[in-house]
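Participant: Build the full structure now, drawing on both the sequences and the hints.
Take the sequence shown: its letters are residues 13 to 457, numbered as in the working numbering.
Quick caveat, the hints were computed from the structure, so don't treat them as lab data.
The reader is advised that the hints may include incorrect statements.
As the list claims (entries may be wrong) - Simulated pairs of lysine-lysine, BS3-like, Cα-Cα distance not exceeding 27 Å:
1) LYS153 - LYS109
2) LYS308 - LYS222
3) LYS250 - LYS421
4) LYS40 - LYS222
5) LYS185 - LYS220
6) LYS378 - LYS355
7) LYS263 - LYS220
Said to hold, decoys possible - Per label pair, the in silico range of CB-to-CB distance:
8) LYS109 - THR252: 44 to 52 Å
9) GLU379 - ASP232: 26 to 34 Å
10) ASP232 - ASP154: 17 to 25 Å
11) THR252 - SER55: 47 to 55 Å
12) LEU53 - SER345: 39 to 47 Å
Using N, Cα and C, we set each Cβ at its ideal position, and we do this for glycine too.
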Amino acid sequence: MEDFMDRIKLLQSRRANLLSATKSIRKKIEELVDDKGFVELDSYSFSHSDVYEQDAFGEGVVTGIGSINDKNYCIVAINPEIMRGGLSLANCNKIAKCMERALRSSYPVIYLLESNGVQCGEGVNVLEGIAKILTLSSDIKDAGLMQYALICGNVFGSLSVLVDNCDLAFSLKDGKVSFASPFVLSAKNPEEKCEYPTEKVATVAEFKNKIIAISQILDDFSENEDDLNRTCPYLNKKITDESLIKAVFDKNSFIELNKDFASDVKTGIAYISAFSVATIIFNSEKTVELNGKILKKVTDFVKFAQRQSLPLITFVNTKGISYDENCQKCTLSRVNEFISAYKDVDKIAIITGNAIGLGYTLFASKELNNSYTLAFANANVGLFDEQTGALVELDAECEKINELAETYKDKLDPVNTAHNGYLDNVIEPQYVRQYLISALQTLEV
13 MEDFMDRIKL
23 LQSRRANLLS
33 ATKSIRKKIE
43 ELVDDKGFVE
53 LDSYSFSHSD
63 VYEQDAFGEG
73 VVTGIGSIND
83 KNYCIVAINP
93 EIMRGGLSLA
103 NCNKIAKCME
113 RALRSSYPVI
123 YLLESNGVQC
133 GEGVNVLEGI
143 AKILTLSSDI
153 KDAGLMQYAL
163 ICGNVFGSLS
173 VLVDNCDLAF
183 SLKDGKVSFA
193 SPFVLSAKNP
203 EEKCEYPTEK
213 VATVAEFKNK
223 IIAISQILDD
233 FSENEDDLNR
243 TCPYLNKKIT
253 DESLIKAVFD
263 KNSFIELNKD
273 FASDVKTGIA
283 YISAFSVATI
293 IFNSEKTVEL
303 NGKILKKVTD
313 FVKFAQRQSL
323 PLITFVNTKG
333 ISYDENCQKC
343 TLSRVNEFIS
353 AYKDVDKIAI
363 ITGNAIGLGY
373 TLFASKELNN
383 SYTLAFANAN
393 VGLFDEQTGA
403 LVELDAECEK
413 INELAETYKD
423 KLDPVNTAHN
433 GYLDNVIEPQ
443 YVRQYLISAL
453 QTLEV
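Facilitator: If you want it as structure tokens, here you go:
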């Protein structure tokens with residue numbers, strides 16, 4: 013009996029030490045999940061540090077199943093307070109077990125990340141562990157299960173690859189993601205900056221609300237009774253991103269994703285007449301020039317839409333790749349990756365402004381399997397914009413370029429493209445919602 017009581021006291025002591033060592037990260041988990049909605053897995057799994065010659069009690073990772081708005085998620089949370097969140101093989105195996113549970117149970121995964129890299133004393137062992145994590149992350153993505161990351165502080169080393177593989181990554185105020193530390197990057201190339209596409213959130217609670225809203229759309233949950241036949245006369249006068257979103261999507265249903273990265277193009281999810289859709293919206297008030305960041309953003313988003321079986325609606329206003337030489341090198345390398353993703357997703361294209369050159373080819377052409385293509389009556393579609401067209405096709409001299417640009421602009425009338433069978437319709441902007449609802453009903457999704 014005495015031995016039994018000693019074991020209980022020992023357990024209580026161990027539990028107290030564990031909770032003390034992981035207090036900060038557990039608070040974040042509590043803020044994330046429903047009340048008493050977290051079941052921890054592998055509570056006493058931790059590693060021995062050969063460098064510090066001690067058991068790393070409470071180090072590394074807290075894993076478990078958490079309920080958010082009554083939906084289960086697998087949660088992986090790295091504790092930065094012990095060994096600065098350094099990963100060991102034991103940590104990697106613990107993370108991997110949680111990820112395997114997600115695959116078996118078809119649960120989305122949430123990562124709360126803050127780590128300065130790997131524990132140096134682990135050697136190649138930890139590299140094998142990281143390979144296991146990255147492989148499982150790829151398997152989870154292939155299974156169509158969502159992966160969310162919240163960057164709570166520094167995320168350096170191989171975990172930056174995990175962040176890049178997540179469907180959506182959010183960052184608290186001090187969150188930073190880099191494969192190498194900023195000091196190493198600065199020493200190698202002071203001018204070079206590598207931005208990871210993360211979206212800022214102020215609190216864990218805001219991150220939670222984002223997950224709930226996104227999950228409802230992805231799970232086809234809608235109580236919206238917005239009018240199917242609603243028209244928006246103000247679009248005939250002026251088109252902005254905000255007015256377009258308000259006109260097209262069910263009331264208050266649009267959720268922008270990854271808004272802090274390549275902001276000339278919006279990506280998001282929404283409802284249209286209770287259809288869950290993904291959407292790409294090019295800046296409505298200025299014609300967008302494509303660059304490497306924009307193509308990365310839209311390529312990743314197209315892949316996301318395909319994994320989630322969401323039809324994609326693209327509102328096109330681009331004149332193709334920027335003429336900047338350095339920009340072209342980066343952009344051209346991403347074009348084929350985009351085409352490979354874009355051609356296989358169910359999609360509708362609406363030309364709201366300009367679809368010029370490669371901008372038309374990539375986002376509005378029938379040959380890239382757009383199921384339905386529309387253009388607003390005031391859109392421009394062609395090989396060149398009016399000034400370039402005047403120079404090239406009309407052989408304008410510099411002093412006459414403005415005059416001949418007006419002449420060339422007539423060639424950009426979308427009715428000409430529709431006449432050749434490359435557009436299904438040319439419409440007044442105010443009726444766009446009605447046309448989209450009809451088109452969505454014809455898609456096999």
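Participant: Could you work out which of the previously given hints the structure breaks and list their numbers from low to high?
Facilitator: none
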